[in-house]
Amino acid sequence: MAQRNMDLKKTKMPEQDAVERAGNFGEVALGYTAEMAKNEAMRCLQCKNRPCVAGCPVNVQIPEFIKLIAEGDFTGAYDKIRETNGLPAICGRVCPQEEQCEKFCVRGIKGEPVAIGRLERFCSDYAIACGSRPVARVPSTGHKAAVIGSGPAGLTCAADLAKAGVDVTVFEALHTPGGVLVYGIPEFRLPKSLVQKEIDALSALGVKIETGMVMGRVLTIDDLKEMGYETVFIGTGAGLPSFMHIPGENLNGVYSANEFLTRINLMKGYKFPEYDTPVVRHKKVAVVGGGNVAMDAARCAKRLGAEEVYIVYRRSEAEMPARAEEIEHAKEEGIIFKFLVNPTAILGDENGYVRGMTLQKMELGEPDGSGRRRPVPVAGSEYDIELDAAVIAIGTSPNPLMREATPGLETQKWGGIIIDEATGATSVEGVYAGGDAVSGAATVILAMGAGKTAAKAMIEYMNRQG
Amino acid sequence: MNEILKKKVLNEQVKLMVIDAPLIAKKAQAGQFVVLRVNEKGERIPLTIADYDSGAGTVTIIFQEVGKTTMLLGTLNEGDRLSDFIGPLGKASHFDPDVRKAAVIGGGLGTAIAYPQAKKLHSMGIEVTSIIGFRTKDLIILEDEMRAVSRKLVITTDDGSNGNKGFVTDALKQEIESEGKFDLVIAIGPLVMMKFVSRLTKEYGIKTIVSMNPIMMDGTGMCGVCRVTVGGKTRFACVDGPDFDGHEVDFDEAMRRQTMYKKQEEESCNLFRGIK
Numbered sequence: 001m002a003q004r005n006m007d008l009k010k011t012k013m014p015e016q017d018a019v020e021r022a023g024n025f026g027e028v029a030l031g032y033t034a035e036m037a038k039n040e041a042m043r044c045l046q047c048k049n050r051p052c053v054a055g056c057p058v059n060v061q062i063p064e065f066i067k068l069i070a071e072g073d074f075t076g077a078y079d080k081i082r083e084t085n086g087l088p089a090i091c092g093r094v095c096p097q098e099e100q101c102e103k104f105c106v107r108g109i110k111g112e113p114v115a116i117g118r119l120e121r122f123c124s125d126y127a128i129a130c131g132s133r134p135v136a137r138v139p140s141t142g143h144k145a146a147v148i149g150s151g152p153a154g155l156t157c158a159a160d161l162a163k164a165g166v167d168v169t170v171f172e173a174l175h176t177p178g179g180v181l182v183y184g185i186p187e188f189r190l191p192k193s194l195v196q197k198e199i200d201a202l203s204a205l206g207v208k209i210e211t212g213m214v215m216g217r218v219l220t221i222d223d224l225k226e227m228g229y230e231t232v233f234i235g236t237g238a239g240l241p242s243f244m245h246i247p248g249e250n251l252n253g254v255y256s257a258n259e260f261l262t263r264i265n266l267m268k269g270y271k272f273p274e275y276d277t278p279v280v281r282h283k284k285v286a287v288v289g290g291g292n293v294a295m296d297a298a299r300c301a302k303r304l305g306a307e308e309v310y311i312v313y314r315r316s317e318a319e320m321p322a323r324a325e326e327i328e329h330a331k332e333e334g335i336i337f338k339f340l341v342n343p344t345a346i347l348g349d350e351n352g353y354v355r356g357m358t359l360q361k362m363e364l365g366e367p368d369g370s371g372r373r374r375p376v377p378v379a380g381s382e383y384d385i386e387l388d389a390a391v392i393a394i395g396t397s398p399n400p401l402m403r404e405a406t407p408g409l410e411t412q413k414w415g416g417i418i419i420d421e422a423t424g425a426t427s428v429e430g431v432y433a434g435g436d437a438v439s440g441a442a443t444v445i446l447a448m449g450a451g452k453t454a455a456k457a458m459i460e461y462m463n464r465q466g
Numbered sequence: 001m002n003e004i005l006k007k008k009v010l011n012e013q014v015k016l017m018v019i020d021a022p023l024i025a026k027k028a029q030a031g032q033f034v035v036l037r038v039n040e041k042g043e044r045i046p047l048t049i050a051d052y053d054s055g056a057g058t059v060t061i062i063f064q065e066v067g068k069t070t071m072l073l074g075t076l077n078e079g080d081r082l083s084d085f086i087g088p089l090g091k092a093s094h095f096d097p098d099v100r101k102a103a104v105i106g107g108g109l110g111t112a113i114a115y116p117q118a119k120k121l122h123s124m125g126i127e128v129t130s131i132i133g134f135r136t137k138d139l140i141i142l143e144d145e146m147r148a149v150s151r152k153l154v155i156t157t158d159d160g161s162n163g164n165k166g167f168v169t170d171a172l173k174q175e176i177e178s179e180g181k182f183d184l185v186i187a188i189g190p191l192v193m194m195k196f197v198s199r200l201t202k203e204y205g206i207k208t209i210v211s212m213n214p215i216m217m218d219g220t221g222m223c224g225v226c227r228v229t230v231g232g233k234t235r236f237a238c239v240d241g242p243d244f245d246g247h248e249v250d251f252d253e254a255m256r257r258q259t260m261y262k263k264q265e266e267e268s269c270n271l272f273r274g275i276k
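If you're matching them up, the sequences are chains A and B in order. Residues in the first sequence are numbered consecutively from 1, following my numbering. Residues in the second sequence are numbered consecutively from 1, following my numbering.
Everything labelled a hint here was simulated from the structure, so no lab data went into it. Predicted model only: the values in this text are computed from it and were never measured. Don't take every hint at face value.
[Stated by the list, open to error] Taking CB as the label site, the calculated pair distances span:
id, chain 1, residue 1, chain 2, residue 2, range
1, A, E274, B, K26, 52 to 62 Å
2, B, K233, A, T220, 27 to 37 Å
3, B, K91, A, K271, 42 to 52 Å
4, A, A204, B, K26, 50 to 60 Å
5, A, E410, B, A92, 55 to 65 Å
6, B, V192, A, G131, 34 to 44 Å
7, A, A422, B, T259, 51 to 61 Å
8, B, R199, A, E274, 35 to 45 Å
9, B, N77, A, R464, 47 to 57 Å
10, B, D96, A, G415, 42 to 52 Å
11, B, N162, A, I246, 14 to 24 Å
Even glycine gets a Cβ: it sits at the ideal position worked out from N, Cα and C.
Construct all of the structure, not just a fragment, from the sequences and the given hints.
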């Protein structure tokens with residue numbers, strides 16, 4: 001093997017120029033070349049105790065796949081990742097590696113950790129570009145399971161079930177599978193063609209996907225059991241948008257982040273009128289919130305041609321829940337950050353369209369339950385800014401359709417389904433759940449981890465039942 | 001699935017289609033709606049279920065060609081397939097079984113949505129007076145169907161071309177004055193009609209249910225574009241409705257929100273007409 005690379009910094013990944021990309025929906029990060037990937041892979045020390053693996057919710061065999069990259073066996077590396085992770089090209093792009101695998105990397109003690117995410121992305125893209133290879137289908141065990149929701153939790157659960165020879169059907173409410181991967185995360189962070197390729201790979205495993213099925217309404221858990229499904233996984237995500245309940249929130253030009261992003265991503269509104277779903281090209285937009293969704297919405301608004309796009313966040317930059325990389329990208333693209341301010345009203349013109357927003361200054365007080373310093377309003381500090389649109393990106397909660405339709409399904413007061421953490425089992429026999437439907441809005445990879453846990457328990461459950 | 005089994009032209013703007021949708025037909029109830037997409041580049045639009053037959057596995061929709069999607073839908077024929085046909089969505093209408101006398105008001109295309117409600121009330125043994133209004137005689141739809149489920153049917157036209165000039169509100173007022181108070185009024189039609197019916201029934205203290213049809217996208221509670229203010233609170237018409245207490249709905253806000261994409265809708269329509 002070649003000499004280990006002791007560079008303290010990650011091999012840089014090429015990106016589209018900030019000014020240029022703020023005017024298109026093409027992917028921001030361009031990915032490593034084979035040479036860059038090998039160079040970065042050589043930074044891995046191949047530690048025996050593999051702290052990185054412990055940081056991965058789906059247990060990707062990290063040093064092993066990196067070793068294969070270093071040796072130039074890129075498809076081998078991809079296959080190694082796929083042993084435990086059904087969606088590597090997606091995870092390589094949207095996982096918060098800095099809080100997971102890379103956080104524990106020994107190279108990170110002195111310098112930057114190995115760019116595990118970028119390497120995962122590289123070998124996935126490489127393998128996908130090489131075209132699909134025949135997948136060995138596992139012989140059927142005769143068991144039959146249903147998965148509700150085709151987001152990261154559902155897809156992962158379905159993949160693991162199929163790999164164990166279970167006959168799996170995934171039911172998706174929208175017309176395209178992928179859940180938040182297709183309606184929420186924008187094209188410039190996660191190309192939709194890539195999500196489709198990962199879903200095609202699942203289909204090749206024998207997973208059936210039925211779209212346009214609003215479960216709870218068109219079919220209930222009892223219906224599924226009658227249809228011969230022995231066990232059901234609920235991975236319906238956290239799709240219900242929260243609003244602030246301030247004056248002016250129903251003015252024309254106020255969107256939930258879900259609406260704004262779904263119009264653009266799922267419905268391809270940015271291609272209106274070629275696609276029928278309209279979007280309004282606003283001039284001055286404020287996005288309220290500090291998470292990844294807020295960054296996505298702000299960057300979409302910019303790409304639709306807005307001259308000024310603000311992120312309005314009630315704490316300071318240090319408390320922002322968005323990934324550092326996303327904040328950095330947003331800043332590069334000219335998004336204006338307004339920290340320590342909170343909207344108290346959205347202002348409308350005589351026709352009921354947004355014309356501005358009243359912001360109140362905040363200061364940080366004592367830490368709250370989340371460990372972050374609590375924002376405290378500064379009396380008399382209100383001022384107005386001019387806008388023609390506002391996007392509310394302050395969070396989502398689980399959609400109530402399944403819980404309303406499933407008697408006996410126990411949920412938290414805020415709507416999250418209550419499960420046994422070790423198995424994903426809900427209060428209804430044979431019914432499992434995981435992902436945002438349980439935890440509230442979290443990350444793709446945590447949802448995937450939950451899908452895996454449940455799949456294992458569901459297989460055991462079916463075997464017990466005989 | 002999603003095949004158009006039957007197409008019928010009800011008037012120059014309004015068409016009826018019977019769609020093969022066995023799963024939806026099995027669960028559908030009066031007051032619920034479907035979301036459909038005509039093709040891969042299409043938008044998702046909500047349409048109230050006008051009728052359903054769980055035995056035949058069919059769902060009937062009635063639509064007016066007001067925008068690009070409905071115009072495009074109108075060009076499809078029997079045997080064609082819709083890209084997506086999703087439902088049943090929304091909460092089913094729930095009627096108090098103690099109601100003895102109800103008035104069902106339909107305005108224009110709203111009559112298509114009022115019909116399943118009248119049918120349901122009628123099947124519950126409730127005495128139904130139906131009042132349906134249209135701009136002009138040629139636009140009258142579902143006359144026979146409405147008559148079959150009503151003790152009395154009143155049809156008004158704005159221009160008097162059917163011999164009964166006036167608005168549904170005038171006819172309703174007349175019915176209340178002559179026949180006595182109703183226990184329940186169902187009003188379905190243009191927002192302005194529902195607003196004035198609700199205003200009238202409030203004076204008489206008659207409980208009134210309206211069916212809201214705001215702009216929707218997913219129809220499953222995900223986007224919130226269908227927000228309606230009801231009793232000072234924001235509700236989502238797609239999952240909390242579409243039926244709401246007419247005396248509590250902020251109709252002025254609803255009318256304003258209805259115009260949100262007017263410019264884009266026009267652009268889309270003009271382009272479609274040009275291509276056609």
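Notebook entry, point to check: Going through the earlier hints one by one, which of them does the structure break, listed in rising order?
Noted result: Failing hints, ascending: 1, 3, 4, 5, 6, 10, 11.
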